[in-house]
Amino acid sequence: MIKKIIFIPVLIYLLSISLTTLHAQNTHWSTLDYSYSKGPVSPEYQFNYRIIITEDRNGILVYTNSSSTKDYNFKVGKSTFKKIKKQLTACDVFSVNPDEMKSDKNLIGGPISELTVTMWQPPDVDAKPTMIVIPSQLNEKYSESFNKLYDLLENSVPNSIWEKARMQ
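Quick note on our numbering: the sequence shown kicks off at 26 and runs consecutively.
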């Protein structure tokens, strides 16, 4: 009887630690890779860019126009980074299958935004990390929250870097 009394609280404690650790691992990402394409327009107006942000707040803007591609490094501000992490969770990235976020409507033309979240894994694991690929065409339930996230990602790039990129 005493063994049961001791065993049950220990079991509950171990389960709560396991679930907490599991949840923390499921939301721990290493890289966000956001891409935007203007869509089908005349070559002189065509451009696209990628914003890559790592868990240590390092960022790269890869900007491509009709004539060249250039990389620009930057550091994401602490408050902006917190907002990005909060919005990422608000978008249900870690709790909803991306297939459920996809729109039934297949739109043709116009700008395209895409996001790939690379999940963190210990360096000693010899396997490709898990990647969450968010569809470019989202249903109405998710489009607003992802548009907020995409705005935050774009605003994480300093204005001076955007100006340099657009002048290339």
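Simulated from the structure, these hints should not be mistaken for laboratory data. Keep in mind that the hints are not guaranteed to be accurate.
Below, computed lysine to any residue pairings styled on SDA-like, alpha-carbon distance capped at 20 Å [as the list claims (entries may be wrong)]:
| # | residue 1 | residue 2 |
| --- | --- | --- |
| 1 | K107 | E165 |
| 2 | K100 | S55 |
| 3 | K130 | I85 |
| 4 | K166 | D176 |
| 5 | K103 | I186 |
| 6 | K127 | T89 |
| 7 | K103 | N184 |
| 8 | K110 | K130 |
Note that this is a predicted model, so its numbers are computed, not measured.
For each hint, the structure was consulted:
no.	hint	verdict
1	K107 - E165	violated (25 Å)
2	K100 - S55	holds (15 Å)
3	K130 - I85	violated (32 Å)
4	K166 - D176	holds (17 Å)
5	K103 - I186	holds (18 Å)
6	K127 - T89	violated (27 Å)
7	K103 - N184	holds (17 Å)
8	K110 - K130	violated (29 Å)
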